[in-house]
Structures are given as structure tokens and as C-alpha cells.
Amino acid sequence: MIDALYGWVDDRLAVSRGGRHLLDKIFPDHWSFMIGEIALYSFIVLLVTGIFLVLYFVPSGSDVVYHGVYAPLRGQTVSEAYNSTVNLSFSVRGGLLMRQMHHWAANIFVGSIVVHMARVFFTGGFRRPREINWMVGTTLLILAILNGFLGYSLPDDLISGTGIRIAFSVLEAIPFVGTYLAYFLFGGAYPGTAIIPRFFIIHVLIMPLIILGLIGAHLGMLVRHKHAQFPGGGATNENVVGSPLWPNYAAKAGGFFFLTTGITALLGAAVQINPIWQYGQYYAYKVSYAVQPDWYMGWLDGALRVMPAWEIHFPGHMIPTIFFPAILLPGLTFNLIYAWPFLEAKLRGTNDEQHLLESPRDQPLRTAAGATVFAFYFVLFGASATDVLANYLSLSLNFVLWTFRILCIVVPIVVFPVAYKICLELKATPGSGKRKRHNIIVRSADGGYTTVVTPEYPGYVQPELEPVSIESVDLVSAMTADSDRDDGVYRIPRDYR
Amino acid sequence: MPDEPEGTDPHGSGPEGSHEDVTPQSDGSGHVPASHGVTHVMGTPVSISAPQFQVAARNPKRVEGVVALAFVVSLGAFGVFGGAYWINADNYILGISLGVALFAFGFGLVSWGKYLMPRGPFEEPRPQMAVSKQERSEFVADFAVRGKVAIERRSFLAKIMGAAGAVLGIVVAFPLIRSLGPKPDESLYHTSWRKGAKLTAIDGKAVQVDDIDVGGVITVFPPNDLGGALSQTILIRLKQSGPVVTGKGRETWGPHGYVAFSKVCTHAGCPVGLYEELTEELLCPCHQSLFNINTGALPVFGPAPRPLPQLPLYVDSKGYLRAQADFDEPIGPGFWYRGGSNGSPKVNGHLQ
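Note that the protein sequences, when read in sequence, are chains A and B.
Each step along the first sequence adds one to the number in the working numbering, with nothing skipped, and position 41 is 41.
Each step along the second sequence adds one to the number in the working numbering, with nothing skipped, and position 127 is 127.
To be clear, the hints were calculated from the coordinates, so they are not data collected in a lab.
Here a beta-carbon is modelled for each residue, glycine too, at the ideal position from N, C-alpha and C.
It is possible that part of the hints are untrue.
[What the hints assert, rightly or not] Over 10 Å on every C-beta distance to chain A, these chain B residues come out as not near it, computed from the model:
| # | residue |
| --- | --- |
| 1 | 104 |
| 2 | 144 |
| 3 | 185 |
[Said to hold, decoys possible] In silico PhoX-like pairs for lysine-lysine, Cα to Cα no more than 25 Å straight-line:
| # | chain 1 | residue 1 | chain 2 | residue 2 |
| --- | --- | --- | --- | --- |
| 4 | B | 148 | B | 159 |
| 5 | A | 25 | B | 239 |
| 6 | A | 421 | A | 346 |
| 7 | B | 195 | A | 346 |
| 8 | B | 239 | B | 205 |
| 9 | B | 114 | A | 226 |
| 10 | B | 198 | B | 183 |
| 11 | B | 114 | B | 195 |
| 12 | A | 226 | A | 25 |
| 13 | A | 226 | B | 133 |
| 14 | A | 427 | A | 346 |
| 15 | B | 61 | B | 205 |
| 16 | B | 133 | B | 148 |
| 17 | A | 286 | B | 205 |
| 18 | B | 195 | B | 248 |
| 19 | A | 286 | B | 198 |
| 20 | B | 61 | B | 198 |
| 21 | B | 148 | B | 61 |
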């Protein structure tokens, strides 16, 4: 039956022709390659939970009186967006779980993209021929942050509403076109009535389509280039060493999808996120205290706080102060990220195809540069909590703010040489980064001591093996060869060295 | 494993150690078909009993047990999730059962893939991306020559088509951009405060001169724009009983100890909602800009670049607080078309 069905499909789509190629795709076995998978899987969680949420969310700013099950809000006039979000959290079966999973998955999505990019950056995975994929990935990061902000804004609660107000101000701050952009996006002066429905359709349709397309391109290029890989274990610039898609990575990556989803579900169950019923409906004249945006907007919030009150005035025109932290800074940052592969190729003077990844210590300049940028953004992230820190540590706001202003400059200046030096020292230390070996100290009969270094793979750790060509391997017979042994598999003997 | 064949040699797959492996596998049990017993590393035959084809687990039975347990846990937890959904259980029970089920399922699957499948490593060749000069020039030539033949004879058509396409491109952009909203207009420069507008609380009640205690604050709007995001104004009663003078030319703006400022922060537009009575300062909770009321809401700390615009007030014969006029400069954050530090030329000197 299945044979017949497959035959029918195969006759029309020629699946069998070239199918082996797909089954054989080799994935290098390295833990750091799964970070990007987390991003992919959390995006799938976002799609699935998002489809659930979109069935219940009403994208409208019109007023309704809340009559739901949450007693403290009853009788209040709220927007339909807020009303439907509270209702889908409390009155729809599994609604709160889906909403919290969606929000957690968004945080994980952006987070895993950042960590994945850091892995690619620090190991040189962006070098030729992968520059285009690096740029696609950078675009995905930007879109993920933007769409996270849009989704966060949809419930029309007090905290996210304030964020929308800041977004309007930031748009307005762009020279020449800023006010036009802001008025066109919001359908007029702030706040207008168009923003919730517009953010909604951008968040649930336009952005996901673009992100989906770019993910397709990202993975397509991954297949075309094949995975980059770390050197060692027979890996060269002309091969890929690891395990095949079928069956190894189908199981490992497929299982990892469920691990990611499971963790997201546990977070959605046990760790409350964005309880908008506590914040209340957004009104333009109301505001809450000690609020922070989602983590991936923190650096922007911090930058808005630490930026001194400088404005540039021309006759009849001006550049507002928030232009610098909210437009110029992200603009410079992302353009630097886009340009880095080309800058580095220029700096190094070589631009050959590179499929072998590097240890961060082997490129001190790149590693130090990356660490410096990260350090700067960590400080900005911390600066988004100036008010909370001042309260918590009983310090004056003035002191905390000035501390962060100084740290913004000092920390990167310190981090660069320190990271550079650490790289050099690690490079100069023989055996660093290698598997640890046990040293056995032996006392001889006449009282002398000698140190015996154990073999590289002590105990039960299996040795590294030479790679076997997947194209000439008959995995089927390998896996069935001795199926009638008592445990059905070969064993590697313990004394095997 | 006393009868482990020679394939256990770590270099059994390498060229130098592979000669014994050319012969088909015969490990005594004789069940391995000879044709399947040999395979190749880059052309060199390799025994399938080579360690690359063995599973990674040293004790597969135990791993099988763990995987089975994981799937059983998953099965049970999925069942609990279904039941919990059926009875509309608490979010915790729903989420934890779902999470445990998914995690256990994933754990089982990953363990299976990691420990119970051929451990490898395997390799496949990687083509270089760079295209040879010849390949490229052939392709480019094909493209160019075919195109040239097709277009050159009809260059007039091509030009007209290009012109039509360009116009289409421009015209298509119109509705996408221009229909979205009105152009920035007077709302950038003016609010709905007018001469004589009563200072009205959100509940619609006009504020009278005795309504607020000393040190009190209230958010007020023009009566025709209650809740207005741009006209929102914070009214403060200071301890003075006479007029509050916050600057030159503002001698009459603060009658009976009352002053009113735009509540929209000049930094990023948040409502400046926190009033510190002791120091007579307003704090914006978003980015902690601090404004000194007595100097006309001049920013004394934080990222705000300009003072909050002040609303000139007067008290009418019935004791109602009213606006003398709109703010004398654009409220809120800066924008390109806003003039110098004191507002746009468009709104200069409109006071009375």
C-alpha cells in the first residue's frame, strides 16, 4: 500500500532520483551547531502558538467594557485588543499556556539568534562563501527584534502602549522623512486608531512571511554550501565530516525540536510572563513606574537613558536627541555587522573559500572586536535598569546614570585589550582547549616521583575515528549485519584504545 | 566481545590498516552476505564491522531501556495533558504535562539518535563554490548573446517596455505609502488647547481653584479632547498663594499657585507622571528625566533636552482654571521640522 503510494508519487516527482543525496547530507557533530536549531524550532513554536492566538485576538482599539472572569478589571472600559487578550488568557482553554509559550518562544527566538550569530562570528563562519548567508542571518535578527516589538505591543496594555509612544517619537526623530514615516505608519497624529490593526497585520502576516522566506534562503544556502566544520578528526576544506541526516540527524535534530518545545511549554506553564491584567489598559496619559521592555529591546532603552541631552539645531530644523541612540546607534551597529565579513577579508588580505572554522583564540583581533561590541551592548542593557538599580541599591539616580555613562566608554576600552591578551595567552599555552588528561604521580621505590600522563582518552570515552565516506557506505547492511547477536549491535570493547 | 574481528582497530578504516578488510566478513556466525560485507572509504574497501558502523553506546541495552522509559513517560504525560485539557485544568497542569511530554519525547529521540545509531564519523565531499572562469563566461555569453539577439532588433520595444515598467513601479508605490496616512500637519505644532478652554479632568469635571490641595497634581485636558494624547497637561498646585512666575514673560501664567505643563516628555514622549512634592520636580518614569517646576520645567537631569512647554493659565470669575492660549511651542519630542530650541517659527508669538 505504502509502496504503491510512494511509487505513484515517485513516478510523478522523481523523489528517488537524488533522494540519497538528501539522506546522506552530513551534519558535523558539534554542540555549537544546535544553537541555530533552537532559533528555527522556537520560530515553529511561534507559528503554531501564534495560529492559536490569532483565532481569539481582536485587533481593534475600540472601547468595550470588560465583563470577563478577572474580577479586578470588571466594569472598566478597555480596548477590544486588551479585552480579547485578557479573555483568551482566562476564558479560552489552554489560552494562557499558548500566550505565555508564544511570548517565551519570542524571547528564546531572538536570544538563540544572537547566540548563534556570536558562534558564527567568533569562529569565522561568515567568511567566503558564506557572506550572503551572514547578511541574511543579520536581517533575520533585525526582523525578529522588530516583530517581537510589534507582537509585544498588540495587547494594548499600559506598558506596551508606552513603548508604542516611544516608537512614534523615534520615527519622528529621523531627519527629513521622520514625521512623514510616523504619520503614515500611525495613520495620522499620535495615537490615532490605525496602529493596533496595522501592527497586527504586520506582525501576523507580513513579517512572518518575510522571515519564513529568509529562513528558507538561509537553510537553502546552508545545504548548498554544506556545513562549515571545526578542523580535526579528518575534516578538511574539501569534505564534511559528521553523521548523516538519515537516520542520525533526523533523530537528533527532530528530538531536539521536542526538547526546545518542551522547555518552552514548561516556561509557559510555570514562569509568568507579561501579565497584562496587572498592568491595565493603555491610556496615553497614564504611565507605569520601573518598567522594562522585553530583553532584546533593553539595549535600546538603555541607550535612550544614557544618551546626554544633545540636540543639533539648524535654522528651522533640528536633529532630536533620540536620533542618536535610537536610529544612529542601531544603524551603525547593524551596518557594521553586515559589513564585517568584507572588512575582515580586507584586513586579512585573503579571501579564499573557507569551510574550516577557527577557534576564537586564533583570531585575537576579531575576537577582541566582537567582545568589545558585546561588552558595550551589555552595559547598555544594564543601563535600561537604572531606576530599578537605584531603588534596589539605595543610590541616587544621578549616580547610577553617570556610572553607566562612564561604563559605556570604559568597559569597551578595557575589554578590547584584555580579550586580545587572553587570546594570545591561550594560543601560546600548549594543550589549552584540548581534552583534559589525568596525571598520575608515581612514587618509586627509592623515593623519587615521576608523572605519568594518561592516554588522551582515558576511561570509557571513545576515541576519535577516521571518517568513512558516506557515498560508498552501505549503512543498511552495516546496521543489519549482526542483528541476531544477543543485543543486536556491535560493541566497542572497553580495552579498545 | 572475545570474537570481535579486526575492524576494531582504530585505523581499520585508514588506508594502511585496511588490507585485511578486503575479504568479506566472516566472523563465525556466517550470516553476513559477502556482497554487503565490504564497503569503501574513498575507494578503499572497509569492513562494515569497522567501529564507525557501530553504535556510540557501549551498553546499548541500557540506552534502549532509558529511551523506552523516556517514551513511556512521554506517552503518559501526553495522556495527562489530554485529560487536563478535557477537564479544563489549571495552566500549571496543562503546561507542565505538555512540557514534560514533549521533553521526554525529545530526550528519547535524541538519545536514540546519539547512542543507538552508527556513530561515524562519515564524510562527504564538498564542492567548492567558486565557479571556473570558463563555466561563467559560457553562461554569461549565452545570456548576453541570446538577450542581444532578442532585444537588439527590437530596441524600440524594449525602451517603451522599460518606460512602462518604471512608471508602474513608481505608481505602485503611491498607494503603499501615500494612502497610509495624512501628511504631518498642524498637529505637530499645536494641541487642542484654545484660549479660554477649561482645565478639565478625565472624568469631565472642570477644575476650580479650590479643588486641589497644595502639593497636589492632576492631569487635565481641554474639554473637547478628554484623554488627548497630545493635549494632556499636568496641573500642579505649589505652595505659593500668589502667582507663580517660572520665567521672563510668564508673569501671569501661574495664578494662585497653579502651574500647568505639557505632560508629554520632550525626550521620547512618555507621560511625565511622577511629581516629587518636596523638591517640586517632575520625573519621567521611562528614562528618568527630571524637570524643575520652579524654573519652568527646565530639565535638571537625564536625557530630556528641553523644558516641558508651559500652559498659560488664568482663573475666571467663577473660579474655574482656564488656558490663556495653546502652548507657545510644539509639545513633546523633537522632529526635523521643529525649529530651534524654542520651537518652530510657525508658532512664534501667537500668544494673545
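Checked hints:
no.: 1; hint: 104; verdict: violated (8 Å)
no.: 2; hint: 144; verdict: holds (24 Å)
no.: 3; hint: 185; verdict: violated (8 Å)
no.: 4; hint: 148(B) x 159(B); verdict: holds (14 Å)
no.: 5; hint: 25(A) x 239(B); verdict: violated (78 Å)
no.: 6; hint: 421(A) x 346(A); verdict: holds (23 Å)
no.: 7; hint: 195(B) x 346(A); verdict: violated (64 Å)
no.: 8; hint: 239(B) x 205(B); verdict: holds (23 Å)
no.: 9; hint: 114(B) x 226(A); verdict: holds (21 Å)
no.: 10; hint: 198(B) x 183(B); verdict: violated (30 Å)
no.: 11; hint: 114(B) x 195(B); verdict: violated (77 Å)
no.: 12; hint: 226(A) x 25(A); verdict: holds (8 Å)
no.: 13; hint: 226(A) x 133(B); verdict: holds (22 Å)
no.: 14; hint: 427(A) x 346(A); verdict: holds (23 Å)
no.: 15; hint: 61(B) x 205(B); verdict: violated (79 Å)
no.: 16; hint: 133(B) x 148(B); verdict: holds (21 Å)
no.: 17; hint: 286(A) x 205(B); verdict: holds (18 Å)
no.: 18; hint: 195(B) x 248(B); verdict: holds (21 Å)
no.: 19; hint: 286(A) x 198(B); verdict: holds (21 Å)
no.: 20; hint: 61(B) x 198(B); verdict: violated (84 Å)
no.: 21; hint: 148(B) x 61(B); verdict: violated (69 Å)
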